[in-house]
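Participant: On the provided structure of chain C, position chain H as indicated by the hints.
So the protein lines, in turn, are chains C and H.
Take the first sequence: its position 30, counted from the start at 1, is 30 in the numbering used here, and no numbers get skipped.
Take the second sequence: its position 1, counted from the start at 1, is 1 in the numbering used here, and no numbers get skipped.
I should point out that these hints are in silico values taken from the structure, not numbers from a laboratory.
On a predicted model such as this, the values are computed, not experimentally measured, just so you know.
Using N, Cα and C, we set each Cβ at its ideal position, and we do this for glycine too.
Errors might be hidden in some of the hints.
Claimed, not checked - List of simulated lysine to any residue pairs, SDA-like, C-alpha gap at most 20 Å:
hint	chain 1	residue 1	chain 2	residue 2
1	H	K234	C	Q22
2	H	K234	C	P107
3	C	K181	C	L212
4	C	K163	H	V332
5	C	K181	H	E304
6	H	K193	C	L104
7	H	K234	C	Q63
8	C	K163	H	K193
9	C	K163	H	P303
10	H	K193	C	E18
11	H	K36	H	G100
12	H	K193	C	N42
13	H	K234	C	E18
14	H	K214	H	A155
15	H	K193	C	Q235
16	C	K223	C	Q235
17	H	K234	C	N42
18	H	K74	H	T134
19	C	K48	H	E304
As the list claims (entries may be wrong) - Chain C residues, not near chain H, derived (Cβ > 10 Å throughout):
hint	residue
20	N42
21	K66
22	K106
23	R121
24	V150
25	G180
26	S190
27	T216
28	K217
What the hints assert, rightly or not - Computed, partial: chain C to chain H, Cβ under 7 Å:
hint	residue
29	L19
30	Q22
31	M23
32	E26
33	P65
34	A87
35	P107
36	E111
37	E114
38	Y173
Read off the chains here:
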Amino acid sequence: MRGAMDKKIRAVIVDDEELARQMLREFLSGHQEIEIAAECANGFEAVKAVTELKPDLVFLDIQMPKLDGFEVLELIGTDRAVVFVTAYDEYAIRAFDIHAVDYLLKPFSAERFETALHRARQRLGGKLPAPTELSSSARPPSQPLERIVVRDGSRVFIIPVAKLDYAEAQDDYVALASEGKKHLKQQTISSLEGMLDPSRFLRIHRSYIVNLEKVTKVEPYSKDNHMVVLSNGTQLPVSRSGYARLREFLDQTRAK
Amino acid sequence: MHPLLTRPRQLGLYLLAWIPLAGILVFLLTGPAGLKWGEATALIVGPCLAYAFVCLAAWYPCRATPLEKSGFVKLLLTHLTAAVLLSTLWVHMIQELAIGFMRWPSFAGLEQRLERFIPLLWVTGILLYVLSVTFHYVLLAEQASREAQARALQARVLARDAELKALRAQVNPHFLFNCLHSVSALTSSDAGKAREMCILLADFLRTTLRLGGKETITLEEELALVRGYLAIEKVRFGARLHMEEDVEKKTMAVLIPPLLLQPLVENAIRHGIANLPEGGVIRLSALEKANVVTILVENSFDPESPAPLKTGLGLDNIRQRLDTRYGHDASVSVGTEGNRFRVSLRLPAQSNGALA
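Next comes chain C alone, as it looks inside the complex (with noise of 0.2 Å):
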């Protein structure tokens, strides 16, 4: 037996409503290896309780202020064991994706909410898989992302994808340029690219993708390289099979 065995398992309650929480806590309170470390009201809350206190279990509401389930989710990481609690049976199989440990319905009985505990304690036993591409599994394909969440320490930020400049990769990182700041958030930007509207975002350069609401202009850099200027000013890269797309939805814009 391991001696992480005695020490308790903190957990952290995630939901809205005072009633539901109360649910958890009464269901909680009959274990005495389980503390509850924080209960949160939102997303934000959240997310911050998650980030200092890194707790090992989160009972986790999808519909919250803020930021839902899923972002919160995004943001912590999949280090912990997570527990989904909502009334929605539809996010389901994007839970299960994305290897929460168990989805439970409300409202639930004390025995199934056992069956989660039990898995719970499995999982914190045995192996984590690794972090996944969250969000890309978390969504379903048809619907291009409408907002992107970066948590820097324990602070949200959540960039609408309108104010959305560019996306430049950095290594592991992706950096979000918006508003004249940039928001390092771990993702590769082909995961990136993937996730956004197509119609709205090309990938110019191995390295970027830009917002072509944002570009005002493309100007010739050297004799084989374009490069674009943004409504900021920002001159971005242009690599040959980038302009080759960005011709493309020219032209196809010229057409309309």
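Facilitator: Showing chain H alone in chain C's frame:
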């Protein structure tokens, strides 16, 4: 295209009706010191057939000047001008025909003998045209009533359909699940409150079923339903949910389709209050001016939260229901003002019997 021209049977009947008319004309022309039978028949049959078709043209001016919407002077002028013009042409045609017939010796002097019948023919031409105008007004009225019937029937079918759909969409299952979850949570902490919640929920469901089956209900009844709904949500959302009501007393008796406001209030919670950590206000108001009721449902919302994809559905449903019932007399508009979302409904202030 004239409706008779597309229906051969009815066109045949119409032409058949002209045979006695032509017969009478022939009889009049063969009167004392008149034409011979053969002459009159030869002279009348062709022009009568032609005139039968000419008179069908009355359909166009009849349609252009509807009986109930045009003034007497306009009606008289339109149709009399047409009658005089067409009759003159017609008489002229008969005269030309008579001249043509005179090539044969047996018709000698036909034109001169026709001379004294010209006024008679002219007046007959006018009368026949006026008869045709009457006929066409009857035809148009019949057509209009048939269309109105079809439209009323379709409106009824659509309204029923919308009602059923609304009813089905009404009690949102997630609302029920969340309610039951609240009840479940309350059973151990506050049994009295749990019981109260059960009763609130039962009352709401019963009222929904009772009102949903009706064609129209008073605004007062709908407001009672909305209050019942909000009382339940208040248990879930607690201090986050605030409610304001500003309803003019005289609008209480106004008749509206059932379950018109409840879905709007539900949207206000789902897409408004539920996304605000500190909650917000739902404001319901109704006022009447010049027999038009304006009902406003306003709520606070978080401008940063993603646009709800499903709101459209509920609003479309309401728009459709108002449209089938009131046509262009009702409207739905949606707008935002800062962090307030507003749906406004305008509909005719109809009530049962006397207005309050």
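Participant: Could you work out which earlier hints the structure fails to respect and list their numbers in ascending sequence?
Facilitator: The structure breaks hints 4, 6, 8, 12, 15, 20, 21, 22, 36, 37 and 38; every other hint is satisfied.
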